[in-house]
Each structure stands twice: as C-alpha cells, then as structure tokens.
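Full structure from sequences and hints, please.
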Amino acid sequence: MDISKISDMEHIYEAGTFDVAVIGAGHAGCEAAHAAAALGLKTILFTLHLDAVANLPCNPSVGGTAKGQLVREIDALGGIMGKVADRCAIQMRMLNRSKGPAVFSPRAQMDRSDYSVVMKELLEDTPNLTLRQAHITEILTENGSAAGVMTEAGGIYRAKAIVLSSGTYMEARTIRGEVIVESGPDGLPRSEGLSSCLKEEGIPLLRFKTGTPVRVNAGSVNFDEMDIQEGEDDIPPFSFAEEMNGYRVMPVSEQIPCHSVWTTEETRQVIKDNMDRSPLYSGVITGTGPRYCPSIEDKFMRFADKSRHLIFIEPMGRRTKELYLQGFSTSLPEEVQEKMVKSLPGMRNAVIQRSAYAIEYDLIDPTSLKASLESRILKGLFSAGQVNGSSGYEEAAGQGIIAGINAAMKVLGKDPLIIDRADGYIGVLIDDLVTKGTNEPYRMMTSRAEYRLFLRQDNADRRLTPAGYKIGLISEERYSQFKEKVRLIEEETARLMSTYVAPTTELAAYLEPLGQTPPKSGVSLAELIKRPGVTYEGLKIIDKDRPDLPDYVTRSVEVDLKYEGYLALEMAKIEKFRQLETKALPEDIDYDDVKGLRIEARQKLAKMRPESIGRASRISGVSPADCEVLLVYLEALRRKNDE
Amino acid sequence: MFAACSTPAGISGIAVIRVSGNGCIEHLDPYVKTVRAAGGKKTLSELSGYESLYGLITDPVSNEVIDDVMVTVFRAPHSYTGEDMAEISCHGSLAVKQELLRLLFSTGIEPALPGQFSRTAFINGKMTLDGAEAVMDVINADSAKALEAGRRIMSGALAQRIGIAEADLYEAMALIEMIVEFPEHDDTEANEERVISLADKAGEELKKLSDSYGMGRLLSERVRIALVGIPNSGKSTLANALSGQEKSIVTDIPGTTRDAVESNIAVRGIPVTLIDTAGITSTDDVVEKIGVERSKEIFSTADMAFILIPPDMTLEETKERIDMPDSGVYKVLIFSKSDIGANPDEDRITEYGESVGIRKIIHVSGKEFSNIEDMEDAIEEFYNSCGSGSSEGLLITNGRHMALISKAIEYIDMAKKAVQDGMGVETASSVLRAALDELGQITGKTVSSDLADTIFGRFCIGK
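Protein chains in written order, with our numbering: chain A, 1 to 643; chain B, 1 to 463.
Do not rely on the hints blindly, as some may be mistaken.
Claimed, not checked - List time: in silico SDA-like cross-link candidates among lysine to any residue, alpha-carbon distance up to 25 Å:
1) B:K126 to A:I599
2) B:K126 to A:K120
3) B:K445 to A:L585
4) B:K445 to B:A167
5) A:K5 to A:G202
6) A:K573 to B:G422
7) A:K99 to A:I574
8) A:K595 to B:S48
9) B:K417 to A:L514
10) B:K41 to B:S52
11) A:K5 to A:G16
12) A:K595 to B:Q116
13) B:K445 to A:R618
14) B:K201 to B:D437
15) A:K120 to A:Y247
No lab work stands behind these hints: they were computed from the structure.
What follows is the structure in structure tokens.
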C-alpha cells in the first residue's frame, strides 16, 4: 500500500523510523536483523510472539548433511546460528565419518526452549536492534520502493529497507485429517494480510505444504526395545570463533542419546486402513509438499516395495520429556496418529503430547528475486527463508544473513554481497532458488553443489571469513585470529611438503598394516599423507619434531594434502565456472534484438534478466545453444564497441 | 544477402543456387517472371514458406531470359539458415550457372563465403556448434568413407552414443548421492561396487569410441603413403597409376623427382595422400641431397610406405640405399617393373625385409598397371588394421572430439581409483562430474566460455 494512503486511515500512529525492518523472528529473521544491526543500521525485528523467537517447531536439531556446512558458513560470515547452537546442544555427532572429510557434516540435537531463550537474549544484547512483538499486516511503499510496515494495531514503522522472513505463517492453515485450522505452526497465530499486500504489488506467490510429526512423553516409552544412538566426543563446534578460543563440546557422558526404531507391519496396516482419511490423498491439501521429507503415509504409498521405514527418536531438551519422532510426520487424523505411534516398538503405551499436522502457507516465487535476495518487483523489499520456498532452519538462516547484509548495503548505497556457487552452499542455495525456482520446499543437499570437495565444513572460514570481514561483520580481533590460523595451516603444509623421511623400519611397520608398500627411498611426509589409510596423526611416530598445533589446523592441513589432486581439478572447474559468471549481460539488453534465441529462452531471459551468462545458463528453458547465441551476441557487441 | 551454387562444380543435369538473407525473396522478385506458381499466385513475393514457382529468370537490362527455373522459398525463421531463403533450381551447364550468379551478384547479393550458410544457421540458433562442426566436416569430406563418418556424426549418432555413457555416469552419481546424503539410512542398495561397475561400463563405451579414432583420424587427416626407393625404381609411374593423374613427370632419367610430390586420391573410399619422394641415393648434388634427406624423413613419419625394388637391385644395394626403419610405419615391399624381369636376389631381399617388419610383398608392373589391385588391397588392409574397427559404423574423426573423450576416460579411471584408494565416493563424484563436463562439450550440454573463441576462430564472425 502506498504510504500516502495512510492519512485516510483511522487509529494509526507513527511508531518510529528505522533503517531496516525485519518481519518474522525465525532463523532467517534473527540472522537478518542481527547482521543489519551489527553493520550499524538502526534495525527493528518483528515477531508474532516473543516467546517463540528462533522457534524450532519441527526437528530439535541443527546441522546434518549440507546443513552442517551451511551453519559453519553462516558463522564464517559473522552470523549467530552456530554460536547459539553450540550453547544449546545436548548431543553432537559428525555425520558421514565413514566417508571422506569433504562430506563430513556436523549435526547437534538442541535443547529447544534454550535455543529460543539464548537467541532472544543475544538479540536483545545486540546494539542498534529493537525486538518487537507485533502482527505486521501491511507493507508500505513510496514511489515504487518499500518504505515501511504497518502493524495490526495501527503502528506505522518507516524503514528504508524491509526483510520479509515470515516463514510458514502467511495465510497458513494446519491440517489433521478432516480438521483444518487457520493457524501458524506449533499453535502460534498465523500472519494475515501480507499475501494480498504482495499480490497487489505484483509479486507472484506460490503455496507449499510441509508437516511435522507427533511428540511423545519419554516416560511412557520403553527405550530397551529401541536401538540407541550415542553422541560423539571431539566434534568441532559450529562456531569458528568458539573453536579458535579453545571450545570443546561436552563429553558423551553428559550428552543425551537418541534412539531409532523400524516401523512394524502393524504401522503399515494402520496407515493403509486409514488412507482415505489422508488430506493429501483426498485432495484437501493442494500445496506442494517436499519429496525428500515425505509424510510417513506418503512413504508407504510411494515406496510400496519397502515394508518398513526407519524412525529416529530425538529428545527435545534437558528439562522436558518430550520426544520428537523424526521420519514420522503425518497429516492423518489424531485418532489414527494414536494407533500409528502405538504400533512402533517400545511405544505400546506411548502418550502423545503434541499431535502431528501438515501446514500450508503462502510464499514468494523466488524467481522474482535478484541474487541479492531483493525483489525484482518491489525495490527495497528483501526476503529470506521459507517464504522464499526453502525448507529447514539452516537454509533459512543462510538466506537471512545475506538478506540482512544486502538490506544494509542497500541503505548504505553499497554493492550487494553475492556468494556464488563456488564460494559456499549459501551461494548454491540462493542461486538455485532465484534462478531455477522450486516447486517444493527446497532442502539443501550436498549433491546440489558442483564443487563439493572444496565446499567443506572445515574450510568454511577460509572461504567466507574474508568476505565477512570486508563487509564489517567480523571483528578485527576475530580476523587476526583467523589470519593466524591460515598462517599455521600454510606453514605446516609447507613443512610436510619439504620434510623428507628415510625408509626406516619404523615407517614400514606403520605402513604395512595399512596395506601400503613401504617406500624404498626418502619420501616427503606430504606424499605419505596422500596414501590411502595414512593419517597425519598416524605419521607422528616418524615425525617426532612436529610442532604442537591445534586440531582445527592439522585437520585442514591433512584434508588439503590428501585431496590435493582432486581439489586441483575442482579449482580448474571453478575457474571455468567463474569465466561464465563474470561474462556480464548488460542490464538493458533487449532480448528481442538477439537473433537466434528460441522464443522460450527469450521470454525467460527478458523476465529474469540474469546478471551473467553463467546465471542465464542455469535458467530452465535456456539451453546451452541459447547461451552460445548470447556469447556470440556479447562478443559481436564488444567488437562493435571496440571499433 | 549472399548466394552460392550448392551443387558440385562441373556439369550436371540441374544445379541448385541458394540465396539467403531476410528480404531476399522480395529482392529476387523483379528478376523472376512467373509462368506457374503454387496456389495460382502471381509473383515470388506472394509465396508462403515451402512454396515453389516455375518461371523465367530474366536479365532486366538486356531483357534476355537466362534460364527457366524452379524457385522454392523459405520464410524466416523456418529455413536452413533461419533467414529468408530462395533455392533456385536451374539447368546444370557452366554457362547457365555463371550467368545466373553474375546476375545475382550484380543486384547486390554477395558471394557466400565458405561455410557461410552453416555459420548463419549457427548464429540464428538453427544449429548447435557440434552440428555446425559436423556440417563443416561433411562439406570438407573428399572420400566416401569420410563423408559417411561425417554424416553419422551430423545425424547425432555420436551424441547418442555418448549419451549411453553419460546415462551410466549419471546413474553412478545418483547412487553416490544416496550414499552421501542419507548416511543415517544404511538400508539403501547403493554401494561402491555398483558405482565402480557403472563407471566401468561408461569407460568401456567411451573406449570403443576412442579406439575408432585410429581409423577416424585417417579419414580426416588422410592415410599418408610414402613411395620410397632408389632413383628410377618406378615410384612416379606407380603413383600415376594409383592416382590416374600425370602429376609426377615420368622419364627414364634417374632423379627426376627431386622434391616430394603429394597427390590426394581416394582408394576404395579411403582418403589417401601419396607422397612420391625423391629417389634415395648417395649423391654429391646439394639439391638432390636435400631431397634425399627429405625422403628419409617422410619415410619415417608416414602411416604407410611402399618400398620399391627394381629387378636389378641386389640385397647389398637395398641395405645400403634404403635404410628401412624398424618402426610403426606399415611397410610394403614392392618388386617393381616385373614386366622387365624377376629380381635374382628376391629371396634374400624378402628375408631382409621380414627382419625389419615388412607387412606385405607385392609384384607390380607400373607401365601395364598390372597388380594395382594388390596395392589397393594393401591400403585397405592397413586401414582396417587401424583401431578396433568402426564402432557400429561410428568413427571419431575429429581431433577435438578425441581429446575430450580421452580426457573423460582419464577422469573415469581417476574416479575409480579414488574409490579404490578409500578417498570416498564423493571424491569420485567430483571427478565423474568433470568427465561429464568433457562429454558435454561434444553433445552441447556444457556451456563454455571458450566457445566464443572457438566459434570466432572457425567462422571469423564480425569482420
């Protein structure tokens, strides 16, 4: 709504003027607000409920494959998710340990209520940041740019940039069988009015569906009938800052275990008998659900050849008995949920504390966004998180920090920060959303990244901390610590490459059990590390004079050396990738003027206006042949200008 | 607007002259007097795409009829080049073609540059680069086998075959993703053995293709055959007999061919470059000496060599004059001028030849063209001995394709090794992706910024 119209309205008042206003204090909103405020901008963060800041309404965990990398990247840029997660963790693991370090992914169970409290306090302590409970119903515009927001209570908050991070709340409804309620997740109020406001501005909307499983009381289940899953020692924290300050995660003895069970034949039967009551199959739910995180009834229907599915039982915190049943989300009616839960091993007498539900919500079609996460349609409006079609806390936070930074950059009149696909998973995530779009809630997966060996959790700081420092989110103190770490890595790598060891019996005794032929002449330590099975730690016996270095240094040294050849190949590919990314397409290019583009490509390009050939090549409907045509057009243009 | 005669030079029943350029149909209109046209239409301009008319091409100045022709029009973008086009079918005499083109050029239409039709088609998005590349290969093909190979690639057969390997690689990568992405679910059927076996399958498929390059290369680069022997051993006579042209001067004076003379011929569909070398002799003549050195060099770098031994050459002379390298050159020993008489030393020379790897022995008389077939057999045998033979009729003829396929094979091996070395399947996945990138440059799935350079190099656009 144009800000000039408010003068006609009753019961409104001027509530304040800010640089940046953030709508929604979920994982995207918290990062966005923190980043903008930390960059010195006067920022306000709105939430529908102050007791639900950074709520974890679904799984009580942070990290996992690809998501763990995201958390470390957010931290590397100067974000807060990692720090909060480290403080609230009740169990830590490194997934994919049996595979290579490129796909090691940290994951931690969270104390859910702690997480919200710790995050809220951190935000309250952030200078320049106001945390405000209010229901935003209008986005105000002025001369075609975002200019502020209006609350349900009539408060007008003026702002130079707005970050919309409304999660799954816009016009949401929850569904349990036949019971449909207009509600946000977790019984929280839904957000009303923003959808129509966006539509009026011409922003295209989509409607998605997601869901969450039941929670049961731990006192009512028998863990003896389940497989136990303990945490691990010596996991690095999510936060690089904490890691460099010598932080150690708690020992396994202080962690809380998870459990797992398989569904039974009875589970399958209960679901089969009640499929007609599933809103997914009866057509009540029209939103698109996530394929990779399907409801349990979906799994049984789609994978009919599988007689059972694995369910993980996760604790929700230290001061609660609530257990989360991962992999058991459903939109079947409550009475059926009861029967389903009781069919699981150890859960014959389980008491349900919260029921499962599916939730439908409005979101922005992310292809209407620029790579900076600013709307291409309404200037000054940024958006991040599930409202952009993603799924997951980490994906939301990863967009949040970028939206917050770029809202700040916009206000400051500076260039936006763009993380590309070779910089980090954050870049892959945003690029996928804004150039390819999505037709289901988008989950980050390592397979979406082309340069997976390079985009590791252990080097996220080396990839992104310099950018975080340049933008102003990384303190001088932390940056000098980081530089020292890089220096140590480089020094130790050089030492291993130039230190040659003799073919002693000691070396042979180490190599032979690993199935490695002992060398006949002198060989460098670096060469030895490249051999299968050989580790930095293991070589200690022949490398007695090595300096005493922290784990976070030696781990990176080891990975860099072990994967040297493969990384070199990836770096060569990155260079080629960047060549296309830097082939800029002029903003005012008239695609009707480019001979040879197919009609579909012409329309898509005119609509999405990609910044570079690289980005154009990833738009669906734009073929490599179309890109060849664009390359030729650019080259011809260049030659013409040269003349 | 540009035009060219698209049928071969020389006299034929009819010939086709193609004109391309937006507005070219209207441009031609004044020069074509309609006799009868599709749908009773009156002029060329009225015709829709794919319609023809029968008419008279007339010189507007002299008002003279040049020829009666059929003109088919194509409207942009539905034409070969993507522009408006006209195809004029005229009579195939040299005079008619010349007159017609002269008329067209006098109206402001430009003569087409080599490959300009394909280049325009490419720029207008009617053809991908590999398609254009294949068209160029077809245009340049000057033997039946090379043409066939080019046509197969143009028809997408290569992309199709590479697609088979790509599918296996994609499947291997999908398995890897299951292993990596869902570490908590170990009930998948995805495992390293299956990844390796799929990578193997893809590698073998590509190997078959790369093996065909032995033959394919000969089609694009031609089989280079050196004719080697002492002066006056009959090399030139033989060369002339094989090529049917009097390119070398045949005289009875030894040392007539001082410099190497090359002629391109096709033998049983195989493109061949015959190199008629200067006779190898121990001479003091400076010019001749250079020729001799050059002959030796050609001998050692050719694909094949015909070594000629005249009837009066002894074993000692053979050893002294012809330094036969025991190398990969496919050597054929020819006892020449058998019409004059048999060589008394034949058995001993044969024995010597076998010791340096002679593959075949032929008796031939140049003057009477006797046993030319034996030589043709020898060429065909050599060709068939190169590579594993054609891969279901598909040959890699293009060096760029070969380099990309070889690189892809190398990456597949590297990926397998990564798994075997315990580097993790995700490492293998990274390398397999690199292999797919290479293949994508053949099939047109990978966009590369080098491409503009390639295109500009090949087509010199924008000049």
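Structure-based check of all given hints:
no.: 1; hint: B:K126 to A:I599; result: holds (13 Å)
no.: 2; hint: B:K126 to A:K120; result: violated (59 Å)
no.: 3; hint: B:K445 to A:L585; result: holds (21 Å)
no.: 4; hint: B:K445 to B:A167; result: holds (13 Å)
no.: 5; hint: A:K5 to A:G202; result: holds (18 Å)
no.: 6; hint: A:K573 to B:G422; result: holds (23 Å)
no.: 7; hint: A:K99 to A:I574; result: holds (23 Å)
no.: 8; hint: A:K595 to B:S48; result: holds (22 Å)
no.: 9; hint: B:K417 to A:L514; result: holds (17 Å)
no.: 10; hint: B:K41 to B:S52; result: holds (10 Å)
no.: 11; hint: A:K5 to A:G16; result: holds (18 Å)
no.: 12; hint: A:K595 to B:Q116; result: holds (16 Å)
no.: 13; hint: B:K445 to A:R618; result: holds (12 Å)
no.: 14; hint: B:K201 to B:D437; result: holds (18 Å)
no.: 15; hint: A:K120 to A:Y247; result: holds (22 Å)
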